[in-house]
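A.B. asks: For the sequence shown, our numbering begins at 503 and goes up steadily by one.
Some clues are possibly wrong.
What the hints assert, rightly or not - Quick list of the computed label-pair ranges, beta carbon to beta carbon:
#: 1; residue 1: Ala524; residue 2: Pro680; range: 38 to 44 Å
#: 2; residue 1: Arg557; residue 2: Glu645; range: 19 to 25 Å
#: 3; residue 1: Asp744; residue 2: Ala518; range: 37 to 43 Å
#: 4; residue 1: Val770; residue 2: Ala568; range: 27 to 33 Å
These are calculated hints, taken from the structure and not from any lab test.
No experiment lies behind these values; they were computed from the predicted model shown.
Quick reminder that beta carbons are idealized off the backbone N, C-alpha and C, glycines included.
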Amino acid sequence: MMIQQNRLDLFTRHPANPILQASDWPYPINSVFNPGATILADGTTLLLCRVEDRRGHSHFCAARSANGLDTWQIDAHPTFAPDPQRYPEEQWGIEDPRITYLEELAAYAVVYTSYATGGPGVSLATTTDFKTFTRYGVVMQPENKDAALFPVRINGLWAMIHRPIGAQGSHIWMSLSPDLRHWGQHYCLLEARKGAWWDANKIGLSPPPIATEEGWLMIYHGVRITPGGCLYRIGVALFDTDHPERCLWRGEPWVLSPDTEYERHGDVPNVIFPCGVTVLPDGDTLHVYYGAADSCIAVAIGSIRQILDWLTIYGLPPETR
Numbered sequence: 503m504m505i506q507q508n509r510l511d512l513f514t515r516h517p518a519n520p521i522l523q524a525s526d527w528p529y530p531i532n533s534v535f536n537p538g539a540t541i542l543a544d545g546t547t548l549l550l551c552r553v554e555d556r557r558g559h560s561h562f563c564a565a566r567s568a569n570g571l572d573t574w575q576i577d578a579h580p581t582f583a584p585d586p587q588r589y590p591e592e593q594w595g596i597e598d599p600r601i602t603y604l605e606e607l608a609a610y611a612v613v614y615t616s617y618a619t620g621g622p623g624v625s626l627a628t629t630t631d632f633k634t635f636t637r638y639g640v641v642m643q644p645e646n647k648d649a650a651l652f653p654v655r656i657n658g659l660w661a662m663i664h665r666p667i668g669a670q671g672s673h674i675w676m677s678l679s680p681d682l683r684h685w686g687q688h689y690c691l692l693e694a695r696k697g698a699w700w701d702a703n704k705i706g707l708s709p710p711p712i713a714t715e716e717g718w719l720m721i722y723h724g725v726r727i728t729p730g731g732c733l734y735r736i737g738v739a740l741f742d743t744d745h746p747e748r749c750l751w752r753g754e755p756w757v758l759s760p761d762t763e764y765e766r767h768g769d770v771p772n773v774i775f776p777c778g779v780t781v782l783p784d785g786d787t788l789h790v791y792y793g794a795a796d797s798c799i800a801v802a803i804g805s806i807r808q809i810l811d812w813l814t815i816y817g818l819p820p821e822t823r
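Could you put the whole structure together from the sequences, leaning on the hints where they help?
C.D. replies: Shown next, in the form of structure tokens:
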């Protein structure tokens, strides 16, 4: 862990950032950002990228790389496109996928935001090959987004993290299901702080939760409303393995903030928004894939062990919050 100029650097940006941008695409698009990520059985990293077309509607397109950093092979056509005829909740596009491999089903779950006249809601699909997909439709009605599944059942039930918006605010919630279709037992996991905090007003899950020896590691985004607009930064928290409704540690400072030209300037300035993370074969190194300024894709590299150690220094247990 490096501490430089009063900043706590848990993540290192790859020097080739941005690793993917609109000019790399084999067909005309406006921008590419907010990718889900997974490592396939053959070791290939797959990014399921949110691609915005020149209407302003989004679809998903897969990019594959042997090392998860460069020499990307991009599908020649959209990999997963909206289907508003059969799924009217996708009328205005699909956004921000998160990928979780479900070993029990031998399939990848893609949880994403579907967008239509009712607002953004949470939809779910599964796939074994990222060529054909089985849609489950809307599983969390609008207004809701920033959702992902845990990779295993929790006490016999599937668990999903999501972010509803309502009169009580914009906080991170967890819900449970026996079958991935019917959801209940809703529980607020993490609340947006109040006042001048970097994660005041609105927070949301970033990549899916990461299993560690000390609990479920959550990387999340916080939104601070400033006179110049919204500022999206990244923080971390840790939850109990068997009872993930229990927060063990929540970091006080942010760990990644818009700093570079490609993060500060774009279609939506001052945004770092991760949707994908991969754990490398050493079991410790993280590749965190994020949208930068809603205009391109970048990657930051971190260490699970360093993050867990950092939380014990710069985090607070729940009883002291």
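A.B. asks: Output the numbers, in ascending order, of every earlier hint that fails for this structure.
C.D. replies: none
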